[in-house]
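**Q** Whole structure, please, built from the sequences with the hints as guidance.
Protein chains in written order, with our numbering: chain A, 1 to 113; chain B, 1 to 114.
Derived from the structure by calculation, the hints contain no laboratory data. Among the hints, erroneous ones may be present.
Sample of chain B residues lacking proximity to chain A, with all beta carbon distances greater than 10 Å (derived) [claimed, not checked]:
| hint | residue |
| --- | --- |
| 1 | His7 |
| 2 | Ala17 |
| 3 | Tyr25 |
| 4 | Ser26 |
| 5 | Pro40 |
| 6 | Leu44 |
| 7 | Ser52 |
| 8 | Pro55 |
| 9 | Leu56 |
| 10 | Lys58 |
| 11 | Lys71 |
| 12 | Ser73 |
| 13 | Arg77 |
| 14 | Gln82 |
Derived coverage of chain A by chain B (criterion: at least 3 residues anywhere in the stretch with Cβ under 8 Å from a Cβ of chain B; other residues may be distant) [to be verified]:
| hint | segment |
| --- | --- |
| 15 | 40 to 50 |
| 16 | 54 to 62 |
| 17 | 98 to 106 |
Idealized CB from N, CA, C, for every residue including glycine.
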Amino acid sequence: GAGVSQTPSNKVTEKGKYVELRCDPISGHTALYWYRQSLGQGPEFLIYFQGTGAADDSGLPNDRFFAVRPEGSVSTLKIQRTERGDSAVYLCASSLLLGYEAFFGQGTRLTVV
Amino acid sequence: AQSVSQHNHHVILSEAASLELGCNYSYGGTVNLFWYVQYPGQHLQLLLKYFSGDPLVKGIKGFEAEFIKSKFSFNLRKPSVQWSDTAEYFCAVNARNYGQNFVFGPGTRLSVLP
Numbered sequence: 001g002a003g004v005s006q007t008p009s010n011k012v013t014e015k016g017k018y019v020e021l022r023c024d025p026i027s028g029h030t031a032l033y034w035y036r037q038s039l040g041q042g043p044e045f046l047i048y049f050q051g052t053g054a055a056d057d058s059g060l061p062n063d064r065f066f067a068v069r070p071e072g073s074v075s076t077l078k079i080q081r082t083e084r085g086d087s088a089v090y091l092c093a094s095s096l097l098l099g100y101e102a103f104f105g106q107g108t109r110l111t112v113v
Numbered sequence: 001a002q003s004v005s006q007h008n009h010h011v012i013l014s015e016a017a018s019l020e021l022g023c024n025y026s027y028g029g030t031v032n033l034f035w036y037v038q039y040p041g042q043h044l045q046l047l048l049k050y051f052s053g054d055p056l057v058k059g060i061k062g063f064e065a066e067f068i069k070s071k072f073s074f075n076l077r078k079p080s081v082q083w084s085d086t087a088e089y090f091c092a093v094n095a096r097n098y099g100q101n102f103v104f105g106p107g108t109r110l111s112v113l114p
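**A** Next comes the structure, spelled out in structure tokens:
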């Protein structure tokens, strides 16, 4: 079956603009995670969902970041008033159950200019 | 603060050399442990995982890891590396007492010379 799909694969935006990043998890996976990875670093946790609800959003850096998963499948990470420091690869992962092995997508490379 | 550390930032080996990459974590209680690999231009892939039972776990491509609870360690090993093992390796911990997310180490870049 298909793996985790993230769109777009690359996004270049101007400082101050709004962006949306989409994640299609593996079908049937209840848990969905968002991470951010900067060059030379490990993935940094942002938020995870169990079903439709955000079970833990403690990793979101500030209130410019928001994520939804309205029907318990596809998720969208939304970033308002983007800043150059937001530039990174945004990774999405899903797992059958919380704490089980997570399957990662290819990521969205966000560049804020 | 709770964290995951990886001892080496960059490891360079010749083909057929043995590999050991260190991983330590600072979480108490029950943990699930993982090693992920990221080949150049590809997404993170699971190499192996430990949930419970035998502390020596075997993964794909000849990799194995040993969980030593007393040392809070989960080191990755491979007896004989190949050029195709060149990649970034990440240790990750899911600590049930600290939430259900995965905390990743900073990664170790492995370069295998042909």
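**Q** Confirm or reject each hint.
**A** Right, here's what the structure says about each hint:
no. : hint      : result
1   : His7      : 14 Å, holds
2   : Ala17     : 24 Å, holds
3   : Tyr25     : 13 Å, holds
4   : Ser26     : 15 Å, holds
5   : Pro40     : 13 Å, holds
6   : Leu44     : 4 Å, violated
7   : Ser52     : 12 Å, holds
8   : Pro55     : 18 Å, holds
9   : Leu56     : 18 Å, holds
10  : Lys58     : 15 Å, holds
11  : Lys71     : 21 Å, holds
12  : Ser73     : 17 Å, holds
13  : Arg77     : 20 Å, holds
14  : Gln82     : 23 Å, holds
15  : 40 to 50  : holds (count 8)
16  : 54 to 62  : holds (count 4)
17  : 98 to 106 : holds (count 9)
In terms of the numbered hints stated before, the structure departs from hint 6 and from no other.
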